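S.K.: For reference, the chains in residue letters:
2 protein chains.
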Amino acid sequence: MRTLDNIVELRQLVAGWRHRSETVGFVPTMGNLHAGHLALVDDARNNADRVVVSIFVNPMQFGPGEDLEAYPRTLKADQEKLVEAGVDLLFAPDVASIYPRGEENTSTVAVPSALTDVLCGRDRPGHFRGVATVVAKLFNMVQPDVAVFGEKDWQQLQVIRRMTEDLNLPVKVLGSPTMRETDGLATSSRNQYLSEEERQRAPLLYQVLQQVSTALSRDRGSLEAALAAGRQRLEEAGFEVDYLEARDRDTLGPPGEGPINVFGAARLGKARLIDNLAVPAPGKAPA
Amino acid sequence: MRTLDNIVELRQLVAGWRHRSETVGFVPTMGNLHAGHLALVDDARNNADRVVVSIFVNPMQFGPGEDLEAYPRTLKADQEKLVEAGVDLLFAPDVASIYPRGEENTSTVAVPSALTDVLCGRDRPGHFRGVATVVAKLFNMVQPDVAVFGEKDWQQLQVIRRMTEDLNLPVKVLGSPTMRETDGLATSSRNQYLSEEERQRAPLLYQVLQQVSTALSRDRGSLEAALAAGRQRLEEAGFEVDYLEARDRDTLGPPGEGPINVFGAARLGKARLIDNLAVPAPGKAPA
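Chains as they are written, first to last, in the numbering used here: chain P, 1 to 287; chain U, 1001 to 1287.
These are calculated hints, taken from the structure and not from any lab test. Computed from a predicted structure; not experimentally measured.
Derived CB-CB ranges, DEER-like:
#1 U:Met1001 x P:Gly65: 54 to 60 Å
#2 P:His19 x U:Met1001: 27 to 33 Å
#3 U:Gly1253 x P:Pro177: 47 to 53 Å
#4 P:Thr251 x U:Arg1018: 32 to 38 Å
Stretch by stretch, here's where chain P covers chain U in the computed footprint (C-beta under 8 Å, at least three residues):
#5 1140–1148
#6 1168–1175
Interface residues of chain U toward chain P, partial, derived using beta-carbon atoms under 8 Å:
#7 Ile1007
#8 Asn1105
#9 Ser1107
#10 Thr1108
#11 Ala1110
#12 Val1111
#13 Pro1112
#14 Ala1132
#15 Lys1137
#16 Arg1162
#17 Met1163
We treat Cβ as the ideally placed atom computed from N, Cα and C, and that holds for glycine.
When you get a sec, could you build the whole thing from the sequences and use the hints?
M.R.: Below is the structure:
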């Protein structure tokens, strides 16, 4: 596996592959890789001849007071995992390569607010502008055929799908199912912020999402009651709930006739956990 | 010359060229082509194996009360000129192809306000966001190696350069010198809005830019006086001056030590004329 930190060499290497008609799969990450990321790598490998992973902790998507400085940076360990996963190229640029004039002084990509001002975007203004901008840039640097993102960050996935479609970027965006620990907790780099005791309680977020999802699949009229009960369970267990909501899976608008996901974000100790779950169509078994 | 109105066929044709290692030059236009556009086509041809021209009157860059509906649409005549100029492909999409959800409901590209809120951007809020967005989209559709824009729209050229650089689009942006009528008036589709009598007066804008430029090249301290005198000449001749300013050519900030252009925009009858001129370095003859 090659590790590159500059765009010129990255483009040369990818151009060589293209010249041999090899397709390119891309997994953008912020590093601190875990099994969830490696599942994305597998998906990329199954959809392309070559796999590029990027590691870049993107300052533009962190707000004031968020964990930009504290975000775990573990390049050496990440490299070992990626070698083992058969990745062809790790692109690990520094901030000055991505934002040569600073991240405050650059062109940005704004996705329609219907997708960016709800759920995590309500509590994190500018977050999804940062995400859309850096992903557009990375897509243009790597020029992949397909790119893979986790469904755990469902809103992020929808924002990236929309950005890609709206700007006509020639990249196919694939979502990959959320990887979970054996007790149901969605795998995430931020889980390591949990104390041992908090880690025991953390799967409740997933259990609540399951409960709401099951209730909704039986009776959509039960929405408000199911959400209120779920929120209460989380709060009684010491979670600080940012949101617990059901929304149209594609538009992120209010739940209507179309497919619905239940979305939850809650703080537990130092960690902000997010997760989401599809509501099975009426009469179908829950996922 | 092929004329295509859909993105899928456009990409197929361009992919065929790429497969044969042919390079692609691109000239985005709003149609109503004149000698100025054909000079851009020549520049594209001199820098690439294939030339694509697009014609798209982009609603996103027009403000309320501007000339979106009145903007001259002359596809048949444009096609004839492009055939004669040896263009390989004309891409002429409709609005629904470019903005399938409407131009109010799409992701946009915002270039830093230092470039977009001055000069024409001050009088036309949202204009350069519309320009940057549609050019980013067209670049992603056509995927050219080089793209050519006229220096008459200097601010637009700088906005596009900056957008391309900031989003890491793999396109080389070339500026092409302003084409002028024999009396100095910058060639523009909007000149046809002028009455015969106004057309006689119109070259005064260029003459004033020359006068200011010459004064500045002799003595940068004369800036304010030269601009005031120029503005007065234009107003006395019946121009309604939107701005007459000298700015750093690259940053569009206040004139400093770096290279300077003089910029003018003024209304004459139904036409809004814009033009700009480089200030020669001290001691050099004016352009």
